[in-house]
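Protein chains: 2
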Amino acid sequence: MVVKRLADLGERAAIRRIAEILTKGTNSKGIGDDCATIDLGKEYLLVTTDMMYQQTHIPAQMTPYQIGWFLVAINLSDIAAKGGIPLGLVLSFGLPKKISELFFKELIKGADACAVAFGTTIVGGDTKETQEITLCGTAFGTVKKDLFMSRTGAHPGDVVAVTGTLGKAGAGYYALKYRDSEKKLFKAFLEPVPKLKEGQLLAKQRSVTSSMDISDGLSASLYQLQEINNVGFEIKKNALPLASELCFFIDKNHGIDPYSIALHFGGDYELLVTMSVEAVEKAQKSLKTRGVNLTVIGTVTKKKNIVLLNGKNKRILENKGYEHFKKHNF
Amino acid sequence: MVVKRLADLGERAAIRRIAEILTKGTNSKGIGDDCATIDLGKEYLLVTTDMMYQQTHIPAQMTPYQIGWFLVAINLSDIAAKGGIPLGLVLSFGLPKKISELFFKELIKGADACAVAFGTTIVGGDTKETQEITLCGTAFGTVKKDLFMSRTGAHPGDVVAVTGTLGKAGAGYYALKYRDSEKKLFKAFLEPVPKLKEGQLLAKQRSVTSSMDISDGLSASLYQLQEINNVGFEIKKNALPLASELCFFIDKNHGIDPYSIALHFGGDYELLVTMSVEAVEKAQKSLKTRGVNLTVIGTVTKKKNIVLLNGKNKRILENKGYEHFKKHNF
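Residue numbers (my numbering), protein chains in the order written: chain A, 8 to 337; chain B, 8 to 337.
A portion of the hints provided could be inaccurate.
[Unchecked claim] Residues on chain B that point at chain A, a partial pick, calculated with CB under 10 Å:
(1) D15
(2) I45
(3) T56
(4) L98
(5) L142
(6) V299
Calculated from the structure, these hints are not laboratory results.
Heads up, the beta-carbon is just placed ideally off N, CA and C, and yes, glycines get one too.
Pulled out of the complex, with its shape left as it was, chain A reads as follows (with noise of 0.2 Å):
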């Protein structure tokens, strides 16, 4: 008899899986997507939880203070991603008996700075006794019902667009890679910013049709809405907002392709979302009042495959997010 181990199975069998095991309450919906959703009258309860392993993703070169700023981000940025306020978040510490004092100090600092920045607190946790570093944090927030941002809903003839800039993180990991001393290069990648501000106006403007954010890349996360949306995407590699932290390296000629960054690398966890040709202008135009940048980078397609077009040049966009980034939610 042949025993599939979860190596064979894969991630996204996995969370099939799940879904397939688990009962399915009369209240609740989101499996699938960012955050669950459970039904409070008037509002949705947002809720998302995310896990970090020391060996696998977290960077060496993280300081104890980044690395709880990083656990609290990558959680507020799900909330985000549905246009929500966040109400509070709890986490876990996993943690081995010889993390100094002074450790532990600056991650618990760094996570209550980040909640504290993004308007928020952590509200309760737990620590426990582990081998390696372990943590896991749970945010939960609300959300209007009708301003709720699901990732399904894209339809054929819609527009799709970014927030911000693509490749900061990317850039940053490269920076630290070859050791270079642009220390504002690291933060991008270090110390994520989740686009609380970003989300609340775009769920404001009632025309987003889908929205996830794109911390696994924005190939990956394409594949994802597409999947989920049976359609397609047509995107402009000339329209994608490339972050300027990418120059440094067209410069410094370390052979890296800025558009492979911005379009791959993930870290950058801006929000994706497609919405009305017609009104994406006022939203582009209300956003800007709020310094945040709204850049249309295709179209949603029935043709259901993901084309980079590159001025007459048209080939099927690679799916492939770096691992390290990847997530695994169900």
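On the provided structure of chain A, position chain B as indicated by the hints.
Frame of chain A; chain B shown alone:
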């Protein structure tokens, strides 16, 4: 310079450090209670999180189904202790690659079964690859503000009471240890029952002055309640509602004192409450009609120690909980 490690600091001190660093929310409280509470207007949102780590928190005899059940049960027990109604759970699974698909499916089935058995569902989660099984559950629920049972509020003169019986889990542990075949004994240890009905019935009495679950063991829980309320307790040994399962050990003469198990072992997930003397009889009758036993085991005293009365003998109750059950929530 002496670098303090978490191991030197101790868990209570670690939790004090966390509480000192964290920014307090204006709409939340609960550090040091079973659940955090968030103000939702007429209700509190209750949130609690618990982490289980293979090497220290998962007995080798636990089946994957039981591990899943346990993860959900320990979180729901915290909702129960506050009189709450569960809304849902999110679970994070940190699992090694070598785990079989069968193990994984049984884990999910056990978690789902426990949630459904207590009227709720698992609404989302996260999966990550780790080296040791590391699981994190977060439960949330609601409670009407006037029904919320805090850990603080015990007054000298109040009675101390527990739901159900004491020592079931300990009996199961020793039955496993001595390789006894009494499967029903194991179940109380490996598949604990969160006392949600009990908590909700107690809350409706509106006479409970403080409440917590006794997952850490009765003595450890009494010491936590004593410290937080700045009171003392007199506990009557003969009043302790020993689980019938403990008789097994008296008969078999393993040299184990059943009272010691009932007082210190933990894992029973019953509720420990204080309430006014006047209200207790009514509460007992009311709970009895719903099949719940509430046993008065002592009184709250002004003197800030915990005394165990055995007929005419008085001694200070030892503060010992079994480490594998100890919770270090904040």
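Consistency of the hints with the structure:
1. D15: Result: holds, 8 Å to nearest chain A Cβ.
2. I45: holds (5 Å)
3. T56: Holds, about 4 Å.
4. L98: Holds. Min distance 8 Å.
5. L142: The hint holds - L142 (chain B) has a Cβ within 10 Å of chain A, the shortest such distance being about 9 Å.
6. V299: Violated. Min distance 26 Å.
Comparing the model with each numbered hint stated earlier shows that hint 6 is the single one that does not hold.
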